[in-house]
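Enquirer: Throw the hints in and build the complete structure from the sequences for me.
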Amino acid sequence: MTLIRTALTVLAILGLAGCSALSSLTDATTPLEAFELRAPADPIRVGGSVRRDLVIETPTAGGALDTDRIMIRPGPFQAQYLPGARWTDTAPVMLQNLMLRAFEDTNALRYVGRRPLGGTGDYVLISDLTDFQAELDPTGQGVTTRLRMTVRLVRESDASVIGSRTIQTTAQVASTDTLAIVQGFDQATGMALQDLTAWTLRLIGLRIAN
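Per the numbering used here, the sequence shown starts with residue 7, numbered consecutively.
In short, the hints are calculated from the structure, not lab data.
Beta carbons are placed, not taken as given, at the ideal position from N, Cα and C, and that holds for glycine.
Please note: incorrect hints may appear among the correct ones.
To be verified - FRET-style restraints, in silico, Cβ to Cβ:
#	residue 1	residue 2	range
1	70	169	24 to 30 Å
2	53	121	24 to 30 Å
3	120	51	20 to 26 Å
Expert: Below is the structure:
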């Protein structure tokens, strides 16, 4: 009788382990909802255009940011990811694409793009992404989305840095809902792109109209 009870107990434990493994497998294979940010709807307007080429390098980023997962920080020393959601690409690549679009929409330069194979541009924009996260309010009542990156504009002919600065933007979000947080990222990123575009074009020698 004792042997029977022992066998039943082992079978029950194995059954629970199997259910747990199946649940984990199901969670792992469930596709995450993908989100994509937008370039600013109101592009920077400039007075005229110049026959200059601008190459935009992919931003560098630490391992926690070099991913397609949406980072959240419950506290200053914690890094987690929003469950069930991701970006359509890694954060650095997505931001590079948004920079390209923002500069292209100004119609101020002859060429804007990634570095062509074996080629160079007149200028190259180099950036380091240090913050791109949603920070939870300690009271749990809201969220602050934050973007921070250091940028340098380099003249390729002599490899000289003609300008560098840190761009930081934030947006307040009243809800912890996933869509609301993504909209906060969109707002903070849009402000950063406007700032970056205007600053870069001024350094190149263009007059900003708006």
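Enquirer: Need the list of violated hint numbers for this structure, in ascending order.
Expert: none
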